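S.K.: In case you want the letters, here they are:
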Amino acid sequence: MAFETGRSPAVQITPRQRWSIAFSYMLIVIGLLLGVNQRDSLLNQTSVYSNIAAGISASYPARWLLDESADNVFRIRDMSHLGFKTTIEVRSLPVGADGAERNLLDHLSLQRSQVFIDYSVLGYDTYRMPDDSQAISMAYTFVSRDASPFLEGVSSIVNGLDILLIRRGQALVISLRAESSIYQRELATFRRFIENLEF
Amino acid sequence: MIRIRQIGQTDAAESYGILPVWRRLSLLFIFLSAICGGMIVAGEALPAVLNVELNRALSLSLTSLPVALWLLIAVLPEYRVERPRRRLIGVAVVSGLAASAVGLPLAEAFFVLDQWLPLQSVFQRIIGFTLTAGMIDAGLRFTVLRYLIYPQALRVRGDAVAYALASAIGYSFYLSLVLVWRLEPTWNNAAIYVLSSFTIQVVSSLFIALGIIESYFSDAFPLVLPANLLAAALVNGVLQALLPGLLSGPLSQAGAADRPLFGLVFVVAAALVSVTAAYFLYSNSERLEREAYVGHEGIDGI
Chain A
1 MAFETGRSPA VQITPRQRWS IAFSYMLIVI GLLLGVNQRD SLLNQTSVYS NIAAGISASY
61 PARWLLDESA DNVFRIRDMS HLGFKTTIEV RSLPVGADGA ERNLLDHLSL QRSQVFIDYS
121 VLGYDTYRMP DDSQAISMAY TFVSRDASPF LEGVSSIVNG LDILLIRRGQ ALVISLRAES
181 SIYQRELATF RRFIENLEF
Chain B
1 MIRIRQIGQT DAAESYGILP VWRRLSLLFI FLSAICGGMI VAGEALPAVL NVELNRALSL
61 SLTSLPVALW LLIAVLPEYR VERPRRRLIG VAVVSGLAAS AVGLPLAEAF FVLDQWLPLQ
121 SVFQRIIGFT LTAGMIDAGL RFTVLRYLIY PQALRVRGDA VAYALASAIG YSFYLSLVLV
181 WRLEPTWNNA AIYVLSSFTI QVVSSLFIAL GIIESYFSDA FPLVLPANLL AAALVNGVLQ
241 ALLPGLLSGP LSQAGAADRP LFGLVFVVAA ALVSVTAAYF LYSNSERLER EAYVGHEGID
301 GI
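Chains as they are written, first to last, in this note's numbering: chain A, 1 to 199; chain B, 1 to 302.
What the hints contain is simulated information worked out from the structure, not anything from laboratory work. Treat the numbers as computed from the prediction; the structure is a model and nothing was measured. Check the hints yourself; a few may be wrong.
Said to hold, decoys possible - To give an idea of the chain B side of the interface with chain A (calculated C-beta under 7 Å), a few residues:
id, residue
1, M135
2, P151
3, D219
4, P226
To be verified - Footprint (simulated), chain A over chain B, 3 or more residues, beta carbon under 8 Å:
id, segment
5, 115-121
6, 126-132
7, 139-146
All C-beta atoms, glycine included, are put in the ideal place defined by N, C-alpha and C.
Bound conformation, chain B alone:
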């Protein structure tokens, strides 16, 4: 079966009541960055010491902030449109469970990353995180998307992005929760952990979504999807390798202090660059397909 012929048999301008996804994604990033950034800046400017229980409660509640914002910004509006994406919550839950059952145990117990990777050079850390944590994360999220939405829930290109975002939300929620639970950071450090975990998983997921889009909607060359998975793992590896170094201050006789503002700037910049790049590739792919369609069917699409 050749995909382009099937497109040709349908009305090109057929409209679906489907929620646009990029605006929702941008709003989610803006709100989350603003809240977490505000907390980080407040923590630097006003170093208020909370008692242990209050600090822990605030830090743990921060881990659910991306999920709450996602539910408000991306999921609830789905139920007001004609054809909602019905599997968003399912994809998020299964991704979180995959992180809990496979992702984290594999990274910690099998690859024992904390024993050998943090002490290596930057280049080796990037390669190491890409081939271990990056591959695990990207592979698991791709598997979840493959079996829950590909191809049955894909109607338009935006569906792949929306479901990839849902997968990243579920996955990053579990990782943030475990990190904050174990390390018991101060609330402003918890904010940077939550924001960075969210950014790493979402940015990586966008590349998986681009691969699925190219593979399914453009029937691209078979190596395009794996290349996008590799890009997703690489982005994951680069961010995981560089972020801890930016968060930690230089060693001195007075000790080492955290630099969450450096981390915040890096995370926001990485998110901005990656989302812009992904959107550019998405738009370009959509434009090429539109041009191919017009060329195939004639200027009127008849």
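Isolated chain A, as found in the complex:
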């Protein structure tokens, strides 16, 4: 059996060793603080969206995917999330002379009840916009299932929130949809999005 040649240890550590231990802990703390800084800067990094035709500009999370389809002014999705992708959607709707806010929301609900599984409205409330104007909000829920039945995925419960505001004869519906397990966390992102929305 092989043996190593050893030397008697000094149980007490020297001042130099004490300093090296202290410096090591300082390095770890500084490294973690830099990590927090990098996390915050990347998590809160935003891109600017501007649509001159609709008169809308907004800042959205840079890592989200922007989609400008015909139905919406625009839509952004967090593609990094597994399961249902958290979505913020901005839609512009024409409003008639007698167009009440509640009628618009009921119209949206009717449309969604034909598209979403187990769609149900949770309630209505008022929402204070960053410029202190009042908007109306509608909370709802539905079940999201994978489009392909061959993927054999588990359905997700999705919570949604619509903010409806009417200005200059035009209604703007800003919607958040997120899996119920992360809904509260995503609500903070949604509030930041609304704070930076110019309409």
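Since chain A is already given, all that's left is putting chain B on it; use the hints.
M.R.: What follows is chain B alone, placed relative to chain A:
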């Protein structure tokens, strides 16, 4: 108290019945790489589909393979030598608990790495993993070693390496277990997860051990230990940043397939290079101290 004077007061050639550590470490790497590599190659060559329960049981049992090999190769022989390292299992258990209580929750719940890091460029991923997961892992394992073995259980340089290996075993076991439990990979993919988690933590731990050795046995400049911790975090960050890209195949219209053989080659190469580099630094440091000792005491060591 000046360390070199204390060495001088003892017999330089005093022999301890202490198990050599590098051979054990190499054997552990060879056996684990051979078993996991064999499973990965078998999985590629013979794509046998196991039923879900059997696949899960096999994958979960694979996570304990490094621990079992370590117990057989490094821990059991300790009890046959004159002066065994008595705290190996304690260090491994406390490191595993540290990973469970602090390491993983900090990385997942506080740093939320999966939300922002995987989508960044390679350079940003390396920096990000180094400053978050790397610092957490290296910091926790250093703290465990600091309070359990430094300096009371350090008799020879090999002790630091042996205890750093024990710390890496405990830490990587918990990480592998959680990964396999959550992702439920096929057994051949579980093999690459276990091997890569083990390699990342062991290679990183070796640099922590080198720092402790330099600090304690050579009474090195106070920045040497933090520099080694930084190297440990950097190695951790580089491997964590590069490995997923090598395991995943390129996207195509037919979809993306895993490439575990690429991962296996990368992990084995990284282990080989890092262990060789660490051994070189270890031997060099030992040689320098021996020369300094002979120079200080005269050619006969008197």
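S.K.: Hint numbers the structure violates, sorted upward?
M.R.: none
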